[in-house]
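Given these sequences and hints, build the entire structure.
Those protein sequence lines, which keep their order, are chains A and C. Note that the numbering used here numbers the first sequence so that position 244 is 256, with each residue one more than the last. Note that the numbering used here numbers the second sequence so that position 124 is 129, with each residue one more than the last.
There could be a bad hint or two in this list.
Unchecked claim - Label pairs and their in silico Cβ distance ranges:
id	chain 1	residue 1	chain 2	residue 2	range
1	C	132	A	45	47 to 57 Å
2	C	68	A	37	54 to 64 Å
3	C	76	A	72	46 to 56 Å
4	A	14	C	132	57 to 67 Å
5	C	44	A	162	15 to 25 Å
6	C	43	A	93	35 to 45 Å
Keep in mind the hints are simulated off the structure, nothing from the lab. Note that beta-carbon positions come from the ideal geometry of N, C-alpha and C, so glycine has one too.
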Amino acid sequence: MTPLLEIDNLRVSFPTPRGRIDVVQNVSFTLGRERLGIVGESGSGKSMTGRAILRLIRPPGEVTADRMIFDGTDLQTRSERAMRPLRGARISMIMQDPKFSLNPVMTVGSQIAEAVRAHESVPRRALAKRVREMLEAVRINDPDRVARMYPHEVSGGMGQRVMIAMMLIPKPDLLIADEPTSALDVSVQAQVLDLIDELIVNNGMGLILISHDLNLVARYCDRILVMNGGRVVESCAAADLHAATHPYTRGLLASIPRIDETRDVLPVLDRSSWGGT
Amino acid sequence: MSAISLNGLTICYGGIPAVHDLSLDVADGESFALVGESGSGKSTVLRAISGLAPEWTGQISVLGASRGHGPDRAFARTCQMVFQDPYGSLHPRKTMDSVLSEPLIVHGLSDRSERVSEALDMVGLGQDFRFRFPHQLSGGQRQRVAIARALMLKPRIMLLDEPTSALDVSVQAEILNLLKRLRRDQGLTYLMVTHNLPVVAFMCERMAVMNGGRVVETAPSSALRTGDFSDPYARHLYAASGGDEIVPEDQE
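Quick look at the structure:
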């Protein structure tokens with residue numbers, strides 16, 4: 013099977029008063045129809061990697077790569093106009109905070125419908141039916157009522173489910189989820205991730221889950237890339253995360269308090285030991 | 006004598022009750038956690054104690070002294086609050102020096118310069134941070150400044166409203182260690198709000214689980230090791246936080 017996405021030697025840079033700084037450097041990976049997790053701290057370049065795939069980085073930011081192939085087409089040579097049928101329809105992205113990513117003056121139902129209408133023409137009644145089914149798929153009870161609500165009337169967990177519905181309704185092949193649950197409560201978090209997981213597996217999609225929560229990524233992904241200072245420092249199967257060897261990964265793992273915590277002091281990352289940020 | 010004692014506390018926002026008939030006792034020197042989902046009223050309790058939600062009935066007493074509804078200077082000297090968002094709780098146009106001096110000016114304390122530099126040392130920030138603005142600090146450094154500001158008046162009780170939920174895990178570890186050390190060195194009492202049960206296991210001795218504006222269960226934090234909760238909601242929260250995944254390998 014040909015991979016869904018091939019990234020080779022991705023670099024993202026931004027100008028600063030002291031010259032261009034690479035916020036992502038030398039990132040390479042291939043993704044099939046599987047679940048890939050990217051973890052790292054703030055500023056490690058994980059979100060920039062996600063955005064670069066969708067070509068969402070605007071000047072003065074600069075993206076270069078030796079290869080960026082999505083399902084046989086080269087993402088780098090596509091014009092902006094040619095990117096539009098890809099964005100949303102083939103590759104879609106769930107953003108972090110539903111409060112800021114939903115349009116406050118459109119009802120939930122019309123926003124979800126807009127995501128379909130942007131890519132295909134569907135009769136009105138069939139569209140309403142699809143929106144309804146999608147809202148049911150993201151486990152919203154009473155979808156007809158919720159579809160008429162505005163974003164400020166729904167809770168955070170529900171807003172995030174609306175976002176997921178909006179991103180999945182055009183049936184993309186690849187879903188990039190950038191911290192999809194960090195604005196949510198733990199109990200809602202599990203529900204939302206189980207839901208993404210179920211939809212991914214049932215539709216045979218690829219997933220890139222970007223998060224700073226190692227345990228969460230280990231639970232929901234097949235493979236994990238650990239990023240620090242714009243580089244991938246470790247790549248391993250999710251099941252082998254506890255056997256990670258890089259000092260940065262080990263440090264991150266150790267600094268998370270556990271629910272059965274008995275340690276008196278949490279180990280803190282010694283930032284000098286691997287010459288990172 | 007208990008540090009914080011709440012009795013039959015009902016807190017309203019615009020006439021609508023957010024917390025119903027809550028009674029709670031936090032012993033002196035104890036670290037107590039309020040856990041629950043968003044909207045369960047846990048932050049509202051802290052806001053009522055600190056005077057930010059004045060629409061309450063019942064009784065709040067701190068170190069034996071009953072608290073009124075208005076601003077209270079003597080109260081501010083014993084009890085201080087640290088907020089969740091280090092990006093929102095520091096004035097963007099004030100240097101750390103003036104942020105930290107302000108409580109001293111309000112309370113008319115002398116030796117301001119020494120106290121500010123002492124407070125910076127206490128939270129592990131060097132003197133070169135003293136004249137910086139918030140935008141020149143990272144999230145973890147800002148939260149350290151917010152903790153230093155709360156400590157300026159040498160309070161005995163700290164109200165912590167999700168002090169680490171806006172931070173990365175590695176920075177969270179640093180701030181949790183700092184809070185633990187400060188409590189040990191200065192004999193502080195913590196009342197901490199969080200939805201992160203592992204943080205409770207690390208920081209606190211006792212916890213109260215809140216749901217829908219009520220305390221559904223009070224338990225020692227050792228219950229987090231055994232999963233010994235009787236209330237169904239507390240058990241659900243415990244399972245959602247990964248409590249169902251404790252396997253022998255974790256206890257090597």
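Verification of the hints:
For the pair residue 132 of chain C and residue 45 of chain A, the supplied restraint of 47 to 57 Å holds, since their beta-carbon distance comes to about 55 Å. Between residue 68 of chain C and residue 37 of chain A the C-beta distance comes to about 55 Å, which sits within the given range of 54 to 64 Å. Under the hint 46 to 56 Å, the C-beta atoms of residue 76 of chain C and residue 72 of chain A, about 48 Å apart, fit the expected range. The hint said 57 to 67 Å for the Cβ distance between residue 14 of chain A and residue 132 of chain C, and at roughly 59 Å that hint holds.
Under the hint 15 to 25 Å, the C-beta atoms of residue 44 of chain C and residue 162 of chain A, about 19 Å apart, fit the expected range. The hinted range of 35 to 45 Å is satisfied by residue 43 of chain C and residue 93 of chain A, whose Cβ atoms lie roughly 42 Å apart.
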